[in-house]
Amino acid sequence: MAIKSKKAIKISQKHLLGIQNLSVNDVNTILNEASEFIELNKSKNKKIDILKGKTQINLFFEPSTRTQSSFELAGKRLGADVMSMNITNSAIKKGETLIDTAMTLNAMHPDIIVIRHQDSGACNLLSQKVNCAVLNAGDGRREHPTQALLDALTIKNRRKKIEGLKIAICGDILHSRVARSNIYLLNMLGAEVNIVAPTNLMPKEIEKFGVNIFSDMKKGVKDCDIVMMLRLQNERMTSSFLSSNREYYEYYGLTPDKIKYAKEDALIMHPGPMNRGIEIDTNLADDINKSVIKEQVELGVAVRMACLKIFCE
Amino acid sequence: MKKKYFINANIIDPHNSLNEIGGIIIGENGKIEAVGKKVNTNNIPSREKVIDLNGKYIFPGIVDMRVFVGEPGYEYKENFRTLSEAALSGGVTSVVTMPNTNPVIDNVSIVDFLKRRGRDKSKINIYPTAALTVKAEGENMTEFGLLQSKGIIGFTDGVKTIQNPRIMNRIMNSASDLKSLIIQHAEDAELSKDGMINDGIIATKLGLQGIPISAELLIIERDLTLLEYNSCRYHISQISSANSVDIIRERRNKVNFSCGVSINNLSLNENDIGDFKTFLKLSPPLRTETDRNALVQGLKDETIDVIVSDHKPEDEENKRLTFAQAETGASGIETLLPLSLELYHNGSVELETIIKALTSKPAEILKINKGNLSIGNDADFCIVDINKPWVVRKEKLISKSKNTPIEDKKLQGKVISTFVNGEELFKSE
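Chains as they are written, first to last, in the numbering used here: chain A, 1 to 313; chain B, 1001 to 1429.
Note that these hints are calculated values from the structure, not bench results. Hints are not guaranteed to be accurate.
Stated by the list, open to error - Capping the alpha-carbon separation at 27 Å, the derived lysine-lysine pairs in DSSO-like fashion look like this:
#1 Lys-1150/B x Lys-1115/B
#2 Lys-14/A x Lys-1319/B
#3 Lys-1319/B x Lys-129/A
#4 Lys-1193/B x Lys-204/A
#5 Lys-1409/B x Lys-129/A
#6 Lys-1277/B x Lys-14/A
#7 Lys-1277/B x Lys-129/A
#8 Lys-1277/B x Lys-208/A
#9 Lys-208/A x Lys-1193/B
#10 Lys-1410/B x Lys-1319/B
#11 Lys-204/A x Lys-1277/B
Claimed, not checked - If you want the footprint, here are the derived chain B segments under chain A, 3+ residues with CB under 8 Å:
#12 1192-1206
#13 1320-1332
Virtual Cβ for every residue (Gly too), placed ideally from N, Cα, C.
Can you make the complete structure from the sequences, with help from the hints?
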């Protein structure tokens, strides 16, 4: 199939640093654009050339499998020249600062830089120093905008709308950029958002974002249309955020017993990678009637294609 | 030196309860000969050259109790010469320097070096502190007695806190024996671990690890409890929250101690951090507007004794990084007075109270004969046009490092000239 070339797409931002900076119009523009790529990604010839001649640099300071490959694939399907920097061998390991790296890359005239960094705000800093557009692929615990966008697209695909839905986000909210981006986005699109976490993993004053907070998971998922689980980092056990995996599973793992409190047709989501048996029951994760986890990955490529296309222009 | 005559100034000298229009006479020896309303054209010989200040203000030279200088070890951030130039331009004539240099000021031999450098390179009065513990590691006490006899004004681990209560207890006992001044930076290391800004909505929004108010409270409460049993000269370097003000107000009647606040915490709040401005990564962190208001109130009712600049010069390389990687601290000695005057201009605090917290109060705590305009004293003072508007520009700063937290801020009040020992060492263009 052919993607029709339309007139320039309007977006209020030069960079995609976070959902916080986007307007509802921006979000809808991206989601609409992404919808058009879903079919392309299923067809036999997946490659088009709208980014032909453009250079995309993936700058991943943190290990990532799905996000990095998703961005790489997205760029390639649009015909861009994609370069992924391997940080473990790079000058950064030799003590070069982020700004110096940015200057070096900038001199190579990229059209777009995709960055993931362990420090919150790293993408903001980068965006001030380069001439091209910067896409945030996750910065510290601040934002992961394309994940939230692909989550929204997944929900929209299944439920046709987001407005009025009741959505629970459960798990390690404190350290989660996915949670923050999703809170902004789902709130913006008119959903009611419940946040479920033990107090040790709940960020300070998160209720000011306009969400309901729960430390009791059963109450938090009650009557929800969507239950979104987050990955629990293993190191949380060592610093007394939590006592043990089995206790966490007992109280905050998504089990058949707890999903019963949600709506009967509730969907289960997870940004991956999953810890089966810790934050989610393995059968639930694979339940084709409830789990849309694989669909999230699939739509992730479409969303990233849309973002690359829009922000490259 | 020629005798100098100034008339028609608004003179504020809190130490001598002086707040009147008058003049000042500086003797040939650089000492104050006369001051106040009695000094006017009627009793100055007509052949003498008299400078009419037309209502500008004269304040005693400011005593800044918390200043970082890069000597030794970090001369590229600030040296004694650049520090004193920067201080003079802000009306500061005496500074207490922090011991967090490389090496740390923790033994007698380094003090000699420091005193010599301070004397040779600096035009202002330098009062160095030494670390409370060797290498400021919080373990072994330094030689308070010997260090004091070499000219150390007080003891502090500067950017660090004595975490161990047993050690703090012993430090207080020794300080009591030797009449040493202890200055504590109040922050529990465990509660503030990896913390960068106030623990609240902004930390959540920016995805930065927060520093809870309890980290400060815990140390203040602990120390004040210990102080009940080991009375010594104890000063809390800076407080940052409304809760701290409450506790200090409440404990005042029970024990003797003093406390300070950074001008940054009096003028800014966590919202000013905006889009990861690393120049506003401070310790203690900027907190909420409610906290800031409580601090201003605490200054007003004198629960808080002194205002400090917390002048911590950091070069670009240490600040042009991600927020997590950037150094903590801001340059501030040049803007300490003008920024403090903002509290007067907006009606929050009386001018005399502000000047007191910048001059006589710190001098009293330090037990030095500075920060006043008493007759016979060194003529350290500044002349200030408290209404003159100006804008803070990074490139105009005199300090070697340009990490001001208030770049482009419009201020009202500028130092016209600064005198040390009767000599005019700074004059604004």
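Going through the hints against the structure:
1. Lys-1150/B x Lys-1115/B: 9 Å, holds
2. Lys-14/A x Lys-1319/B: Distance of about 25 Å is within 27 Å: holds.
3. Lys-1319/B x Lys-129/A: 14 Å, holds
4. Lys-1193/B x Lys-204/A: Since the Cα atoms of Lys-1193/B and Lys-204/A sit roughly 16 Å apart, the hinted pair holds (cutoff 27 Å).
5. Lys-1409/B x Lys-129/A: Holds, because 24 Å separates the two Cα atoms, which is no more than 27 Å.
6. Lys-1277/B x Lys-14/A: 20 Å, holds
7. Lys-1277/B x Lys-129/A: 15 Å, holds
8. Lys-1277/B x Lys-208/A: 22 Å, holds
9. Lys-208/A x Lys-1193/B: Holds, at roughly 24 Å.
10. Lys-1410/B x Lys-1319/B: 23 Å, holds
11. Lys-204/A x Lys-1277/B: Holds, because 21 Å separates the two Cα atoms, which is no more than 27 Å.
12. 1192-1206: holds (count 7)
13. 1320-1332: Three-residue rule met by the stretch 1320-1332 of chain B, so holds; n is 6.
In the structure shown, no violation is registered for any of the earlier numbered hints.
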